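Enquirer: Sequence lines, in order, name chains A and B. When the letters of the first sequence are read in order and numbered with the working numbering, they come out as residues 3 to 455. When the letters of the second sequence are read in order and numbered with the working numbering, they come out as residues 3 to 455.
Simulated from the structure, these hints should not be mistaken for laboratory data. Just so you know, not all the hints are guaranteed correct.
Treat identical chains as interchangeable: a pair holds within one or across any two.
Below, simulated DSS-like cross-link-like pairs (lysine-lysine); rule was C-alpha separation at most 30 Å, straight line [said to hold, decoys possible]:
hint : residue 1 : residue 2
1    : Lys-52    : Lys-189
2    : Lys-219   : Lys-270
3    : Lys-116   : Lys-182
4    : Lys-257   : Lys-372
5    : Lys-420   : Lys-212
6    : Lys-353   : Lys-270
7    : Lys-141   : Lys-189
8    : Lys-353   : Lys-257
9    : Lys-142   : Lys-52
Here the structure is a predicted model, which is why all the values come from computation and not from measurement.
Here is how the chains run, residue by residue.
Number of protein chains: 2
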Amino acid sequence: MEERILALIEEKKYGLLRSELSEINPADLSQIFEEIPENEQPVIFRILPKELAAETFVEMDSDTQQRLIEAFSDFELRQVMDELFMDDTVDIIDEMPATVAKRILRQTDANTRKMINQLLDYPDDSAGSIMTTEYIDLKKNMTVDEAFDRIRKIGFDSETIYVCYVTDAGRYLLGFVTIKDLLLSPKDRIIGDIMDENVIYTTTMEDREKVADMIKKYDMLALPVVDKENRLVGIVTVDDAIDVMQAEVTEDIEKMAAILPSEHTYFKTGIFETVRARIPWLLLLMISATFTGAIISGFEEKLTVFPALIAFIPMLMDTGGNSGSQSSVTVIRSISLGDIEFSDLGRVLWKEIRVALLCSSILAVINALKLFLVDYLIFRNFDLGKAVAEIAVVCITLFCTVLVAKIVGCTLPILAKKIGFDPAVMASPFITTIVDAISLCIYFGVAAYILGA
Amino acid sequence: MEERILALIEEKKYGLLRSELSEINPADLSQIFEEIPENEQPVIFRILPKELAAETFVEMDSDTQQRLIEAFSDFELRQVMDELFMDDTVDIIDEMPATVAKRILRQTDANTRKMINQLLDYPDDSAGSIMTTEYIDLKKNMTVDEAFDRIRKIGFDSETIYVCYVTDAGRYLLGFVTIKDLLLSPKDRIIGDIMDENVIYTTTMEDREKVADMIKKYDMLALPVVDKENRLVGIVTVDDAIDVMQAEVTEDIEKMAAILPSEHTYFKTGIFETVRARIPWLLLLMISATFTGAIISGFEEKLTVFPALIAFIPMLMDTGGNSGSQSSVTVIRSISLGDIEFSDLGRVLWKEIRVALLCSSILAVINALKLFLVDYLIFRNFDLGKAVAEIAVVCITLFCTVLVAKIVGCTLPILAKKIGFDPAVMASPFITTIVDAISLCIYFGVAAYILGA
Numbered sequence: 003m004e005e006r007i008l009a010l011i012e013e014k015k016y017g018l019l020r021s022e023l024s025e026i027n028p029a030d031l032s033q034i035f036e037e038i039p040e041n042e043q044p045v046i047f048r049i050l051p052k053e054l055a056a057e058t059f060v061e062m063d064s065d066t067q068q069r070l071i072e073a074f075s076d077f078e079l080r081q082v083m084d085e086l087f088m089d090d091t092v093d094i095i096d097e098m099p100a101t102v103a104k105r106i107l108r109q110t111d112a113n114t115r116k117m118i119n120q121l122l123d124y125p126d127d128s129a130g131s132i133m134t135t136e137y138i139d140l141k142k143n144m145t146v147d148e149a150f151d152r153i154r155k156i157g158f159d160s161e162t163i164y165v166c167y168v169t170d171a172g173r174y175l176l177g178f179v180t181i182k183d184l185l186l187s188p189k190d191r192i193i194g195d196i197m198d199e200n201v202i203y204t205t206t207m208e209d210r211e212k213v214a215d216m217i218k219k220y221d222m223l224a225l226p227v228v229d230k231e232n233r234l235v236g237i238v239t240v241d242d243a244i245d246v247m248q249a250e251v252t253e254d255i256e257k258m259a260a261i262l263p264s265e266h267t268y269f270k271t272g273i274f275e276t277v278r279a280r281i282p283w284l285l286l287l288m289i290s291a292t293f294t295g296a297i298i299s300g301f302e303e304k305l306t307v308f309p310a311l312i313a314f315i316p317m318l319m320d321t322g323g324n325s326g327s328q329s330s331v332t333v334i335r336s337i338s339l340g341d342i343e344f345s346d347l348g349r350v351l352w353k354e355i356r357v358a359l360l361c362s363s364i365l366a367v368i369n370a371l372k373l374f375l376v377d378y379l380i381f382r383n384f385d386l387g388k389a390v391a392e393i394a395v396v397c398i399t400l401f402c403t404v405l406v407a408k409i410v411g412c413t414l415p416i417l418a419k420k421i422g423f424d425p426a427v428m429a430s431p432f433i434t435t436i437v438d439a440i441s442l443c444i445y446f447g448v449a450a451y452i453l454g455a
Numbered sequence: 003m004e005e006r007i008l009a010l011i012e013e014k015k016y017g018l019l020r021s022e023l024s025e026i027n028p029a030d031l032s033q034i035f036e037e038i039p040e041n042e043q044p045v046i047f048r049i050l051p052k053e054l055a056a057e058t059f060v061e062m063d064s065d066t067q068q069r070l071i072e073a074f075s076d077f078e079l080r081q082v083m084d085e086l087f088m089d090d091t092v093d094i095i096d097e098m099p100a101t102v103a104k105r106i107l108r109q110t111d112a113n114t115r116k117m118i119n120q121l122l123d124y125p126d127d128s129a130g131s132i133m134t135t136e137y138i139d140l141k142k143n144m145t146v147d148e149a150f151d152r153i154r155k156i157g158f159d160s161e162t163i164y165v166c167y168v169t170d171a172g173r174y175l176l177g178f179v180t181i182k183d184l185l186l187s188p189k190d191r192i193i194g195d196i197m198d199e200n201v202i203y204t205t206t207m208e209d210r211e212k213v214a215d216m217i218k219k220y221d222m223l224a225l226p227v228v229d230k231e232n233r234l235v236g237i238v239t240v241d242d243a244i245d246v247m248q249a250e251v252t253e254d255i256e257k258m259a260a261i262l263p264s265e266h267t268y269f270k271t272g273i274f275e276t277v278r279a280r281i282p283w284l285l286l287l288m289i290s291a292t293f294t295g296a297i298i299s300g301f302e303e304k305l306t307v308f309p310a311l312i313a314f315i316p317m318l319m320d321t322g323g324n325s326g327s328q329s330s331v332t333v334i335r336s337i338s339l340g341d342i343e344f345s346d347l348g349r350v351l352w353k354e355i356r357v358a359l360l361c362s363s364i365l366a367v368i369n370a371l372k373l374f375l376v377d378y379l380i381f382r383n384f385d386l387g388k389a390v391a392e393i394a395v396v397c398i399t400l401f402c403t404v405l406v407a408k409i410v411g412c413t414l415p416i417l418a419k420k421i422g423f424d425p426a427v428m429a430s431p432f433i434t435t436i437v438d439a440i441s442l443c444i445y446f447g448v449a450a451y452i453l454g455a
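So that you can see chain A by itself, here it is in the shape it has in the complex (with noise of 0.2 Å):
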């Protein structure tokens, strides 16, 4: 299809182009405007249709948006804009450089500025930030049939008509119907009557991942947000719920792999703002893991006598390692989830310590075979005394580091989250790094006492 479309373009076939354009979902053809030749862009936009234009404009991303703006005049810019959803509106001039937000305020209305700007100035993580204000709203004393009436008059700009809600003069949330009751019920029924007034709603200072976690909870295709009066403000819808829900996943993952979160996407962020993501944990990590050289440095003479003894210390720490963030990364995801509060502690523990017991013993055995049967059997001289000392004190010591693993794993995102922190951060490298420092101390503690080194 994409390659037809561009094969149109460079034939200049509008006419053609415009009714095959016409049949394309706007997330689609949003994609195909990122092939076309930039200068052809404004071009090809302007043959869509106003309602698809304004649609793919919303899906673009904000660099094809702000090429677009640039080459319309103000009267298509205004025909685009009146075309739009609020939320989308702000998103779009929250992304543009100043003199490009500053004009497409210039072709609102002062009603709609006034709004924008209301809605510019909420924090970014809000409801208020994700909300539209294009909502349906119905009053009590409203027949079933006023109420179509008001959809259909409405309907056209509002971004969900599928639930309406009610409101009284002085726009405090009363209740809601959805289209559903309101197609069931006999058209001279009273809208007070039919209404539903246990209304889930939230704030516009919400945190807009709960936000997002309501709607899923509740099943919701909107979700209707008051101000601190109360006063109905706006809706967050599920498409907008969703893309929440996605933004704090990816937030989350890059917590727990030692990133700051970043805003955009991948080719998006610069090399710079890279950096400055990825570097403060890597050197904060490579700070603390000092203490573990510092602990290999005061066993470094014993360590010259065993040398053998230094081969695991890689093995060890991973494994140690790995088991820690296994059961790090398992209770950071369950706590996000909701199964998992600070109460669970005592069952968390005793679940991974029985765990922890059942794989480090596993470990430690195949372990001990393997050393016995392919390193000691095959390559090394035989020395059964020495071999099953040494093994005796590696095997020992991966028992103990899983077992520590896991419970350091387990018990630090749960307090993490107890005292306010992220949990998330509480994931793979932060454990990793303690559970090294104590994997050591048990090795050479081992080793000492076996050994006698």
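Mind docking chain B on chain A? Use the hints.
Expert: Below, chain B without anything else, positioned relative to chain A:
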């Protein structure tokens, strides 16, 4: 609220209880149910209004569902099942032991039973397994008014009425209309004239993750599903798509932490199931770490000459691992969001190399300063020549390790995706093991060159 409900149960104030419970949302009510003593649960369930009871039942965990089903009479069971949507019924049957599943099936009529068995047959991760068969189908030659009549007739039993599908006599999908289109059209318009023929659909065997991606990409409330013969057989609604997205993210996060994905929540997964999910990667990575050990063994003699070098092994390994996992996790997430494809490999490499050069320079310089100022000046007998040589070895290794780690970290997930493996597996633990071996080789190589070790 929960305390008040539990108190009312204790006092057996069932009348008051019924009116209190009726005000609560099914999602919240199902959570309250888990707090009610098990033997009281059936009693309280029976007080609920029929529709609310069924909606709450769907939200419960499978243990509570099973307990209730076992307490139900056949008549009660049939009553609850009659209220459920087909996809929920299938999900519940899927989770029940065979005897309970059979009992549920016996309470359904022959047609429904046939349908359920068909749905149960779809593979676990397919569109067929998450779709529901209750949707509104219209005919092309209906008027808008006739369409509303049909919606009123079958709307009660349909999971969503907001999108209606137009099919021909052979159930082939011709197009769709939204309730919004219907409401905004004159009553005598013909459906065929207002329907949108550019309908986006999927097939029963499509991967459920792709289905969720489509619903997200096109901001859909429901996605129609057709069978092999292109006949409409069901729809996937946005709330189910959100559940799929969440499950897929959990799976990805587990894979990144070297855990085999499990189906259940943390506490619902047994000890043995947890061990089975965690031990394979631990074993594999433990065995792989043998190579790292072998590298150290090869340099054992030289290490005894320069024992100070041993102390830096953990720091070098950890920093390498962290740098690599930052790149791999970023790339893995970008692949799953569709931001990075195989054709981007060159661009990704170019970006990561520049980021790596900056990061590794910063780390090397700060590490050199720290070693010189803190470790050597304060803690050691000062021997300038030796100190500078050792610091040079460590910092050059650090520089090279970070560079290699980032290149390996960004390349492997993209290659894995290309040859059909899951990129998520190429995350921290796997990268760490590879980077460990490489960084030690670099370390000993640099040491041999500079120190003549």
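Enquirer: Hint by hint, note whether the structure agrees.
Expert: Evaluation of the provided hints:
Within a single copy, Lys-52 and Lys-189 get their C-alpha atoms only as close as 35 Å, which misses the 30 Å cut-off; across copies the closest is 26 Å, which meets it. When the C-alpha separation of Lys-219 and Lys-270 is checked against a cutoff of 30 Å, the pair qualifies only between copies, where the shortest distance is 19 Å, while the shortest distance within a copy is 32 Å. Taking the shortest Cα distances, Lys-116 and Lys-182 sit within 30 Å of each other only across copies (29 Å), while inside one copy they are farther apart (34 Å). For a Cα distance limit of 30 Å, the shortest separation of Lys-257 from Lys-372 across copies, 26 Å, qualifies, whereas the shortest one inside one copy, 36 Å, does not.
Proximity of Lys-420 and Lys-212 under a CA criterion of 30 Å is satisfied intra-copy only: 17 Å inside one chain copy versus 37 Å between copies. For a Cα distance limit of 30 Å, the shortest separation of Lys-353 from Lys-270 across copies, 11 Å, qualifies, whereas the shortest one inside one copy, 43 Å, does not. For the identical chains of this complex, Lys-141 and Lys-189 are neighbours both inside a copy (15 Å) and across copies (25 Å), given an alpha-carbon limit of 30 Å. Taking identical chains as interchangeable, the C-alpha atoms of Lys-353 and Lys-257 lie at most 30 Å apart whether they share a chain (25 Å) or sit on different chains (20 Å).
For a Cα distance limit of 30 Å, the shortest separation of Lys-142 from Lys-52 across copies, 27 Å, qualifies, whereas the shortest one inside one copy, 36 Å, does not.
In the structure shown, no violation is registered for any of the earlier numbered hints.
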